[in-house]
Amino acid sequence: MTTFLAILATGIGTYFSRSLFILSLANRRIPAPVRSALDHVGPSVLGALIVTMLIGPDGRVMIGYAEVTALAVASLVAIKTRNHILTLIAGMSVFWLIRALL
Amino acid sequence: MNPRVTTRRNENLTVATMNNPRTPAVAAVRDALPIFIPAIPFALVLGLAIVESGIDPLLGWSTSLIVYGGASQLTLVTLLGEGAAVAAAVTAALIVNARHLMYSAAMAPTFQQQPAWFRWLGSYLLIDQVFALCMLRINDDPRDFRIYYLAVGTTFWLLWLLTTAVGLFIGPVVPLEWGLGFAIPILFLGVLVMGIDHWPKAGAALVAAGIAYLAADLPSKSGLLLGALAGVPAGVMLENLRK
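Protein chains in written order, with our numbering: chain A, 76 to 177; chain B, 163 to 405.
Pulled out of the complex, with its shape left as it was, chain A reads as follows (with noise of 0.2 Å):
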């Protein structure tokens, strides 16, 4: 049940920041700050988000040298192609290679 208003909670504030100005701002331009506070939203949580993932179940970063080179070759590639197949595909093999190597 707690999972099921989670879910549905996440689910009505995702429809509003979809709808928010649609519905009703219209024609009114966001203020300058504002734009740019939104601007960096999206970075900053996926930045803090991939390591929150990275985190094991006794709070501590569990990256080795097969993770770090994986996420490293992984961004090279991601900036080259802005492919996420490759991208999974490049970061996904030299982990496993790396890890069948050690």
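Everything labelled a hint here was simulated from the structure, so no lab data went into it.
A virtual CB, placed ideally from N, CA and C, is assigned to each residue, including glycine.
There's no promise every hint is true.
To be verified - From the structure, some residues in chain A lie toward chain B, with a derived Cβ separation under 10 Å:
| id | residue |
| --- | --- |
| 1 | PHE79 |
| 2 | ARG93 |
| 3 | SER99 |
| 4 | PRO108 |
| 5 | PRO118 |
| 6 | GLU142 |
| 7 | ALA153 |
| 8 | PHE170 |
| 9 | LEU172 |
| 10 | LEU176 |
Could you slot chain B onto chain A? The hints should help.
Here is chain B on its own, set in the frame of chain A:
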């Protein structure tokens, strides 16, 4: 459709859209299909994450319908499964979705020319890919825009419901020792890197990651929120320094 009207309007279209078929719906599906392909690994990983989280699979899948946003679904499901506080998980998922405010603002003028039912329905369908494709069409005739938007939107919506359902079965079949779960941070890193169009954003991401790392042992994954809260002002400051 009146062919003369179509021809007239075609004169105003850019070179990029001139090769598209006349019917907006057909053009929409043709545009949507290749852009959906990168979402497929996401859907499989989400399926794996739902099963690993211990949440009832059908309930987990319902996020595709109720939330309808891959990154936020993954955030919500992963954090709930890892025992984060419900409020923290919901907040984190909503922060991941905060970028939609920008899309909503950018689309608002175009939606002014549309009927009310479409403003309500179109808001639900406004995901990254729909925004990217439909921003190229905002100067189309309002009816053509509406048909194109609905066709792109429902195509992504149906494919997402389908592939995330398939992901529930395929995701967990992959053996644990493959470490497929590592695909999630890689996919998110890809999304992050591709979204950085100027360096203050990279600064914001690095500050956020650093704070999240330092706060790693705090309970309920609160390092996530601390990191995100630190990243935004850092990015804004760097942005102001640049000017």
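* Go through the numbered hints given earlier and state which of them the structure violates, listing their numbers in rising order. => 9, 10
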